[in-house]
Amino acid sequence: MAYRDEKLSEEKVFKDPVHRYIHVRDQVIWDLIGAPEFQRLRRIKQLGTSYLTFHGAEHSRFNHSLGVYEIVRRILDNFHDRPNWNPDERLLCLCAALLHDLGHGPFSHSFEKVFKLDHEDFTQAVILGDTKINKILSQVDEGFPQNVADIINKTYHNKLVVSLISSQIDADRMDYLQRDAYFTGVSYGHFDMERILRVMRPMEDQVVVKQSGMHAVEDYIMSRYQMYWQVYFHPVTRSAEVILSKILHRAKELYEEGYTFKLKPTHFVSFFSESPSLQEYLELDESIAMYYFQIWVNEDDAILSDLCERFVNRRLFKYIEFNPNLQMNAWMELYRLFTKAGLNPDYYLVVDSSSDLPYDFYRPGEEGERLPIHLLMPNQELKELSRESEIVESISGKKRTDHKLYFPLDRLEEMSDRSKTKKRIMEILFE
Amino acid sequence: MLEKHAKLMQFFSNSDEIIGRKRLQKMIYILKKCDIPFEERYQFHFYGPYSEELTLRIEEMGNLGFLNEIKEDKKNYSQYRYQLTDAGCEFLDHYHMDLPPMNRHIQLMKEKSSRFLELVSTLLFFEQLPKAEITEKVFTVKGKQNYNEEDIAEAWAFIAQLRQIGA
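Chains as they are written, first to last, in the working numbering: chain A, 6 to 436; chain B, 383 to 549.
Quick caveat, the hints were computed from the structure, so don't treat them as lab data.
Fair warning: there could be bad hints in the mix.
[Claimed, not checked] Where chain A lies over chain B, by a calculated footprint (3+ residues, C-beta under 8 Å):
| no. | segment |
| --- | --- |
| 1 | 413-426 |
| 2 | 462-476 |
| 3 | 486-495 |
| 4 | 516-523 |
| 5 | 538-546 |
[Claimed, not checked] Derived DSS-like pairs: lysine-lysine, alpha-carbon spacing no greater than 30 Å straight-line:
| no. | chain 1 | residue 1 | chain 2 | residue 2 |
| --- | --- | --- | --- | --- |
| 6 | A | K121 | B | K414 |
| 7 | A | K215 | A | K159 |
| 8 | B | K415 | B | K524 |
| 9 | A | K257 | A | K323 |
| 10 | A | K404 | B | K513 |
| 11 | A | K159 | A | K12 |
| 12 | A | K257 | B | K386 |
| 13 | B | K453 | A | K404 |
| 14 | A | K118 | B | K386 |
| 15 | A | K164 | B | K414 |
| 16 | B | K513 | A | K409 |
| 17 | B | K386 | B | K526 |
| 18 | A | K323 | B | K519 |
| 19 | A | K118 | A | K345 |
| 20 | A | K164 | B | K524 |
| 21 | A | K427 | A | K121 |
| 22 | A | K409 | B | K414 |
[Stated by the list, open to error] Chain B residues, not near chain A, derived (Cβ > 12 Å throughout):
| no. | residue |
| --- | --- |
| 23 | S395 |
| 24 | M479 |
| 25 | D480 |
| 26 | L481 |
| 27 | P482 |
| 28 | N530 |
| 29 | D533 |
Glycine included, each C-beta is placed from N, C-alpha and C at the ideal position.
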């Protein structure tokens, strides 16, 4: 029997708190899950630093990847005999769903920003490079790894297949919203996924939703909106991200200046030069990054030591709401005052904006920007969701953005009450 | 503070006015590929390279009063016009932008249709592949746009022209 058709002698299941069970019958899927590059995802948290705000948020990219696979598996079971769907694409879709996050590194967001990396490039590299994952996929057929990579890169010829893994209503989002809600313990993020799966229909270029399922989709859009502001963009999580980014910047700067670290930062060296090989990239997971942060608490460099101590012991920066247009002069004055107070403003005075954590709100796709969610009307016509749903129209019309100014209040409070610099800083920040 | 926004404001300051979100997305992508150091991250989407970061920054600049966005309702869609405001110009004055010159790039791109810029940006997205494969890719992923060999040749010539500027 061809490897692509091989089934396990009996179905394997993973217990899962979100989908109850994750079912595996295909030998290829089972082998991929066992590959070291996939197992590595157990050591990468799905929500990065959010565990410092929501203590339950310790779940991994491994959990999420299995969840996306399971959702796609269920969708494809429903698609089986439907027009526009080619069952020969089934295994390809399942592999792409399982492997879509393979290139995520430790604390992806900050690492990518500071070291100018892109996890999508590494996903491609793991699938196409000299890896166990590539060997397994190549056993299916020679062109199979490239096809999986193309789906994840959204450049595969069959756009219907791409839209299952990546569109404005895809398996990726449907899993992470529910999973992140479960592990953070918040009550938003829930929607009737079973209903959505039942009303999804394959069309030539995309998955659409029967009009009768519109209210379930509205719930899903609301969940996205609420999870963004309540969880993903929580100001305390942002404070942790700010500190983490500054740790990485400081370590890189010190390395470039020739500073001698007490422990050579072997795992970071290739990151400092912004060119880690695939092997070096895969070797640095969150356990190792955290090890270095703990070691750096005892470094001689006061800034690196302080920032690491803050991150490890959750002594985060405080924040105020900030308007860069109206408060430009205040910011320039604060910059000077912080320098005078001996607090390097490049590390201790940080404006963080909503665009620093891009998260795709639902967008109706004006002028062909992105493909919107389409409803399949009873007369078989397609209509864009926000043109039918007032709730979605009102959410997608809103453009809430946000800027915060982060700083170490504890360091300011330690300054003498007689200090004019302190007095002026406090006036600007709090009056 | 807001250095990435300031780079975009510099672009708007050089552009006078940009009409259309798709055009805006593709112009910034093409400029990035011409070594103008914009930092917005792009992914391939249904209509070619698209950056959610760019969309969010544009919204932020609008909300802060740095950028004026005018929505015009067309028959089947809405179109947007963008122009830097006085507050945006003032904010930009605080920065000593060290961006390479891009006026000529912008001028040339503004003369082209957004359909053509979609093709140019798609070619650039795949430019690490052999040329024949890129053509094949364009016919595959952009089947509905009905680009032909002539369009593709014109797009390559345009890319070469842009990259010659300042060389």
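Now for the hints, and whether the structure bears them out:
1. 413-426: Satisfied; 3 residues make the cut.
2. 462-476: holds (count 4)
3. 486-495: Per the Cβ count (0), the hint is violated.
4. 516-523: holds (count 3)
5. 538-546: violated (count 0)
6. A:K121 x B:K414: Satisfied, since the Cα-Cα distance of roughly 14 Å is no more than 30 Å.
7. A:K215 x A:K159: holds, 24 Å
8. B:K415 x B:K524: holds, 20 Å
9. A:K257 x A:K323: Holds, at about 25 Å.
10. A:K404 x B:K513: Judged against 30 Å, a Cα distance of about 41 Å means the pair is violated.
11. A:K159 x A:K12: Holds, at roughly 28 Å.
12. A:K257 x B:K386: Since the Cα atoms of K257 (chain A) and K386 (chain B) sit roughly 21 Å apart, the hinted pair holds (cutoff 30 Å).
13. B:K453 x A:K404: Status holds; Cα separation ~14 Å.
14. A:K118 x B:K386: Given that 30 Å is the threshold and the Cα spacing comes to 12 Å, the pair holds.
15. A:K164 x B:K414: Satisfied, since the Cα-Cα distance of roughly 26 Å is no more than 30 Å.
16. B:K513 x A:K409: violated, 46 Å
17. B:K386 x B:K526: violated, 34 Å
18. A:K323 x B:K519: violated, 49 Å
19. A:K118 x A:K345: holds, 29 Å
20. A:K164 x B:K524: holds, 10 Å
21. A:K427 x A:K121: violated, 36 Å
22. A:K409 x B:K414: holds, 28 Å
23. S395: Non-interface label on S395 (chain B) holds, nearest chain A Cβ at 16 Å vs cutoff 12 Å.
24. M479: Consistent with the label, M479 (chain B) stays out of reach of chain A, its closest Cβ about 16 Å off (over 12 Å).
25. D480: Given that every Cβ of chain A is farther than 12 Å from that of D480 (chain B), nearest at about 18 Å, it holds.
26. L481: holds, 17 Å
27. P482: holds, 18 Å
28. N530: holds, 18 Å
29. D533: holds, 17 Å
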